[in-house]
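Chains as they are written, first to last, in this note's numbering: chain A, 1 to 418; chain B, 419 to 591.
One or more of the hints may lead you astray.
[Said to hold, decoys possible] Derived DEER-like restraints, expressed as beta-carbon distance ranges:
(1) N424(B) <-> N68(A): 22 to 28 Å
(2) E525(B) <-> D376(A): 56 to 62 Å
(3) Y383(A) <-> D583(B): 39 to 45 Å
(4) V541(B) <-> D34(A): 41 to 47 Å
(5) P523(B) <-> A138(A): 37 to 43 Å
[What the hints assert, rightly or not] Just so you have them, the derived chain A footprint on chain B, three or more residues with Cβ under 8 Å:
(6) 426 to 433
(7) 443 to 456
(8) 583 to 589
[Claimed, not checked] Every beta carbon over 12 Å from chain B, so not counted as near; a handful from chain A, in silico:
(9) K55
(10) D144
(11) P290
These are computed hints drawn from the structure, not numbers from a lab. For each residue, glycine too, the CB sits at the ideal point set by N, CA and C.
So the chains spell out like this:
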Amino acid sequence: MPLPADTDVSTPKFLRDKYAIVGIGETTYTRGSDKTTRALGTWALRNAAEDAGIKTSDIDGMLSYSNNDSTSATFMAGDIGARLNFYMDCVGGGSSTEALIGIAIGVMEAGLCNCVALFRAMNGFSQVRIGGTGARSATPVGGDMLHSRAYGWQSAGQMFSPTFMRHMYEYGTRPEQVAMVKVVHSEHASNNPKAYYKKRYTVDDVLESRIICKPLHLLDCCVETDNATAIIITRADRAKDMRHTPALIRGIAGRCSKPRMDMHYQAGPISRVGGYYAKDILWPNAGVGPEDIDATGAYDAFTFTSMLQLEDYGFCKKGESGDYVSSGITRLGGRRPNNTSGGHLCEGYTHGMNMVIENVRQLRHDVDDSCPVGADGKRQHTYDYREGGCRQVKDIEVTANLGWANPMTGSAMVMRRG
Amino acid sequence: MSIQGNYLGMSLSIDDLDKENLTYFAHCARHGFHLQKCDDCGLLRYPPTTGCPWCSSPRATWTGVEGKGEVHSYEEVHHAIQPAFKAHTPYMVLLVDLDTQKGQPSEFEALRVVGNLTTQDGVLAPPELVRQVGIGTRVRLVFSDVSEGLSLPQWAIDTTAKQPDKPWRYPQE
Ligand SMILES: [Zn+2]
Numbered sequence: 001m002p003l004p005a006d007t008d009v010s011t012p013k014f015l016r017d018k019y020a021i022v023g024i025g026e027t028t029y030t031r032g033s034d035k036t037t038r039a040l041g042t043w044a045l046r047n048a049a050e051d052a053g054i055k056t057s058d059i060d061g062m063l064s065y066s067n068n069d070s071t072s073a074t075f076m077a078g079d080i081g082a083r084l085n086f087y088m089d090c091v092g093g094g095s096s097t098e099a100l101i102g103i104a105i106g107v108m109e110a111g112l113c114n115c116v117a118l119f120r121a122m123n124g125f126s127q128v129r130i131g132g133t134g135a136r137s138a139t140p141v142g143g144d145m146l147h148s149r150a151y152g153w154q155s156a157g158q159m160f161s162p163t164f165m166r167h168m169y170e171y172g173t174r175p176e177q178v179a180m181v182k183v184v185h186s187e188h189a190s191n192n193p194k195a196y197y198k199k200r201y202t203v204d205d206v207l208e209s210r211i212i213c214k215p216l217h218l219l220d221c222c223v224e225t226d227n228a229t230a231i232i233i234t235r236a237d238r239a240k241d242m243r244h245t246p247a248l249i250r251g252i253a254g255r256c257s258k259p260r261m262d263m264h265y266q267a268g269p270i271s272r273v274g275g276y277y278a279k280d281i282l283w284p285n286a287g288v289g290p291e292d293i294d295a296t297g298a299y300d301a302f303t304f305t306s307m308l309q310l311e312d313y314g315f316c317k318k319g320e321s322g323d324y325v326s327s328g329i330t331r332l333g334g335r336r337p338n339n340t341s342g343g344h345l346c347e348g349y350t351h352g353m354n355m356v357i358e359n360v361r362q363l364r365h366d367v368d369d370s371c372p373v374g375a376d377g378k379r380q381h382t383y384d385y386r387e388g389g390c391r392q393v394k395d396i397e398v399t400a401n402l403g404w405a406n407p408m409t410g411s412a413m414v415m416r417r418g
Numbered sequence: 419m420s421i422q423g424n425y426l427g428m429s430l431s432i433d434d435l436d437k438e439n440l441t442y443f444a445h446c447a448r449h450g451f452h453l454q455k456c457d458d459c460g461l462l463r464y465p466p467t468t469g470c471p472w473c474s475s476p477r478a479t480w481t482g483v484e485g486k487g488e489v490h491s492y493e494e495v496h497h498a499i500q501p502a503f504k505a506h507t508p509y510m511v512l513l514v515d516l517d518t519q520k521g522q523p524s525e526f527e528a529l530r531v532v533g534n535l536t537t538q539d540g541v542l543a544p545p546e547l548v549r550q551v552g553i554g555t556r557v558r559l560v561f562s563d564v565s566e567g568l569s570l571p572q573w574a575i576d577t578t579a580k581q582p583d584k585p586w587r588y589p590q591e
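Start from the sequences, fold in the hints, and give me the full structure.
This is the structure we're talking about:
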């Protein structure tokens with residue numbers, strides 16, 4: 001794909017590379033954290049500050065997102081000794097990380113604060129199950145929800161499946177192609193010591209796992225885990241005082257949506273996802289195109305969600321993502337690896353933030369795999385991607401994160417090595 | 419006045435402020451299918467809204483619509499999330515293109531009405547019926563009666579229509 005025309009869109013181009021992710025932090029990815037989301041969140045925030053080489057009290061802006069399953073910034077800030085000049089807790093899931101980084105840039109650009117921490121803290125296994133089982137599944141159904149939940153159409157997998165099924169019908173996408181997403185991401189996870197599932201799976205493993213909601217097998221669905229993740233964003237000119245090579249933010253598209261968000265299936269084609277619209281904001285904002293990207297973080301709440309985003313953002317032709325994910329391109333060692341941490345399918349479920357964290361580590365050329373650490377404190381990467389080995393992408397310079405809320409809404413971000 | 423009912427052990431309700439859904443379901447309770455037709459652009463819409471998604475006009479008139487169409491996409495739930503549905507797996511959620519207004523406002527649109535596959539009398543379909551249905555199956559609207567004043571629109575195979583030789587089904591069966 002040629003570089004897009006240098007047209008102006010919503011973000012003034014002078015903001016390219018003006019802000020950077022300078023700190024990343026996470027808890028362990030676990031089931032049964034035995035901690036409140038408040039304790040998990042402050043753990044991740046402290047780790048992010050340490051990673052950046054700043055004091056937690058240097059944080060003066062805070063953003064978070066949740067679906068009423070977390071703790072507000074108002075509790076987190078005091079626990080880490082930060083007095084805030086700005087905070088905002090938003091409702092949202094998978095389209096939030098990139099969109100809220102966009103908000104962080106906006107409020108810093110407006111002079112409201114200087115250093116923003118973004119966190120997502122959740123007990124997605126032991127408290128509010130992300131798969132939708134447990135207490136949430138039995139709540140009364142009222143008003144507009146009568147058009148969905150009254151039909152047993154409620155969980156994420158259930159709500160997205162008509163999109164996936166129609167894609168198979170329209171483009172001949174095959175179950176064994178879709179399964180390749182899990183296969184590849186599980187290979188990546190096997191080289192990620194902190195991944196919740198490190199086991200490598202085969203296509204047959206996926207196809208032989210039980211059907212949850214046809215076309216989704218159990219292994220087409222992401223893991224449910226307890227964890228918190230945090231990211232620290234500040235101006236790139238301040239990043240030089242910090243510990244690591246900054247990940248410069250090139251461009252963002254935030255919560256870009258299809259028409260009829262009250263029921264997006266009313267607008268077609270239904271195999272099209274929000275990324276179809278977001279690409280026209282993302283690529284001109286970033287000043288690059290899909291061909292310039294060295295690694296992607298395409299949201300994998302399900303195998304299919306990675307595929308639909310990759311094709312609608314233009315990494316392959318519409319309808320050809322089955323071939324794309326089966327071709328080896330998305331594998332470590334391939335032209336453009338996807339979700340090198342193992343993503344939501346294997347590493348852990350964080351509503352998108354761990355995929356951004358992974359790409360920040362990749363751009364530092366310092367992913368936390370099992371390669372030996374040298375005298376300079378940096379890993380000596382072998383680029384041998386066999387099981388248990390390296391997962392650093394060689395000479396990586398530019399990444400794209402493609403966040404997914406549902407088929408109608410997506411957010412995205414391009415970063416480059418500073 | 420608000421509407422309440424209990425369906426498969428699940429509590430359903432419509433608040434008395436929710437005029438759009440109250441009207442929609444009042445028609446359903448009489449086994450009639452009515453949608454809002456925009457007074458300005460003339461397009462129907464589903465589900466109920468407070469304004470026209472195609473032209474933004476707030477003015478609309480409830481209009482009877484024929485409940486016939488074709489399955490545009492489907493899913494088959496084998497692992498139910500909601501307790502109400504656990505005894506009924508596998509159940510099918512259908513996204514049906516109504517014949518009325520199909521291809522409007524663009525070739526990619528239709529009034530895509532959600533429902534479960536049910537028997538002709540509105541009972542969730544047994545597995546042998548589920549296996550017969552796929553993309554392209556012709557269906558007709560029926561109703562599941564929940565309580566006095568509340569019925570849910572559902573889809574049953576249209577036995578009077580010409581059916582495709584073999585509707586499209588997920589390839590791994
Ligand atoms: Zn109108």
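Give me the numbers of the hints this structure contradicts, sorted from smallest to largest.
3, 7 and 10
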